[in-house]
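**Student:** Sequence:
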Amino acid sequence: MAAAQPKPLTGAAVARRLARGCWSAFWDYETPKVIVVRNRRLGVLYRMVQLLILLYFVWYVFIVQKSYQDSETGPESSIITKVKGVTTSEHKVWDVEEYVKPPEGGSVFSIITRIEVTPSQALGTCPESMRVPNAACHSDEDCVAGELDMLGNGHQGRVEGPAGWGQFLGKMAPNFTILIKNSIHYPKFRFSKGNIADRKDGYLKRCSFDELLDPYCPIFKLGFIVEQAGENFTELAHKGGVIGVIINWDCDLDLAAAACNPKYSFRRLDPKHVPASSGYNFRFAKYYKMNGTTTRTLIKAYGIRIDVIVHGQAGKFSLIPTIINLATALTSIGVGSFLCDWILLTFMNKNKVYSHKKFDKVCKPRCPSGSWPVTLALVLGQAPPPPGHCSVDRPPSPIHPGGSHLGQRAEVGPAVLCPLPCPISAPPEQMADTLRQSLPHQDSTPTDPKGLAQL
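Counting in UniProt numbering, the sequence shown runs from 1 upward without gaps.
To be clear, the hints were calculated from the coordinates, so they are not data collected in a lab. Errors might be hidden in some of the hints.
Said to hold, decoys possible - Heads up, simulated DMTMM-like pairs for lysine to aspartate or glutamate below, C-alpha to C-alpha not over 20 Å straight-line:
id : residue 1 : residue 2
1  : Lys188    : Asp252
2  : Lys205    : Asp95
3  : Lys82     : Asp95
Please model the complete structure; the sequences and the hints are all you need to start from.
**Tutor:** Listed below in structure tokens is the structure:
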């Protein structure tokens with residue numbers, strides 16, 4: 001008679017079974033299993049990956065980047081500048097008050113090297129320049145009195161004076177000296193320092209900057225700055241340009257304060273290769289009275305603008321970043337194990353040998369501790385009792401008085417159900433051989449659970 005076919009599970013039953021399985025798997029615990037694979041090539045690869053990771057963290061992270069330190073970027077900074085020197089042009093002698101704009105001595109200033117002068121300008125009437133797009137008039141209606149053209153030279157009908165002339169001031173400009181006084185402060189570490197040596201012998205009057213011999217004399221010649229920026233001084237003086245003086249304060253505060261020194265670099269900041277906006281110039285005017293009429297001299301100045309830029313970073317040992325980076329380093333070493341496991345299980349896993357050794361599933365047995373005979377039977381190679389049964393002994397029956405003892409075994413009581421939800425893996429042969437040699441020989445048959453219990 002054919003066995004009854006099981007009813008197919010409904011959708012709700014499948015969902016419940018899946019939910020129970022997911023809930024049960026959620027509470028599983030996974031622990032690494034150590035397997036020694038005697039493969040020289042795989043072992044060399046594993047150690048090489050570990051060595052590379054270790055070198056990266058020791059050399060780059062800890063030595064170069066100094067990740068064991070707490071750091072602060074962007075120091076508080078103050079800058080004072082002062083320019084000295086005189087030069088001549090075709091018509092006059094120029095001093096600092098005339099060629100430095102603005103004169104306050106801040107972090108940004110301009111040194112005039114060429115000018116175009118339009119003297120004696122006064123309000124009057126004259127034709128507008130033909131270079132102004134809206135200057136052409138075809139009738140009186142095209143020219144409205146008092147209308148202002150932003151690209152023109154004033155109100156329509158009122159214009160400036162005669163044409164001007166130019167002067168070049170750059171003949172002696174390379175010898176101008178610039179004092180750049182800078183002080184910085186890192187508030188997190190309460191550290192302050194300046195770029196001028198603490199001396200009282202008036203050495204600033206006779207020193208000039210030298211990166212090796214005198215780094216704390218911040219007096220630079222204008223020609224030196226332009227040269228270090230990689231520019232031609234004559235060309236720059238004619239067209240104008242912007243030069244950046246960058247002062248970098250990178251300080252390791254684990255060392256002495258004397259080890260924290262400023263580093264100077266120079267480079268051009270404006271786009272010199274863009275024809276539409278190359279160079280640097282600005283305009284200003286000087287006003288005076290001539291025959292009771294307000295008159296001015298308009299000056300278009302070309303020059304070298306200096307921008308002093310200060311940045312830096314300070315670092316000091318701190319326990320928190322040290323612990324974080326050490327933990328990261330130790331965790332990253334495990335990348336070697338991950339890589340070698342992938343190679344082992346992907347390219348070297350012939351006949352799934354390594355997979356069977358690597359992954360095991362162990363369930364908690366539900367039998368009491370007295371179920372050790374079953375395990376011992378597996379070790380000795382004997383068949384275990386029927387699945388799901390554990391033997392329980394009854395007290396031996398009393399021997400009839402006067403009768404002889406025949407050596408019969410006591411009666412065995414009924415079996416007690418003992419479910420085992422997971423199969424128990426057989427132990428290795430080496431362990432089984434060891435146990436067979438260490439235990440005395442037993443005559444109990446594989447189907448005699450009482451004999452197994454006596455072992």
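**Student:** Work down the list of hints and note, for each, if the structure agrees.
**Tutor:** Against the structure, the hints:
1. Distance restraint check for Lys188 and Asp252: the Cα-Cα separation of roughly 14 Å lies within the 20 Å cut-off, and the hinted pair is therefore satisfied.
2. For the suggested pair Lys205 and Asp95, the alpha carbons sit about 19 Å apart, so the restraint of at most 20 Å is met.
3. Our distance criterion of 20 Å between C-alpha atoms is met by Lys82 and Asp95, whose separation comes to about 13 Å.
Consistency with the previously given hints is maintained throughout, with no hint failing.
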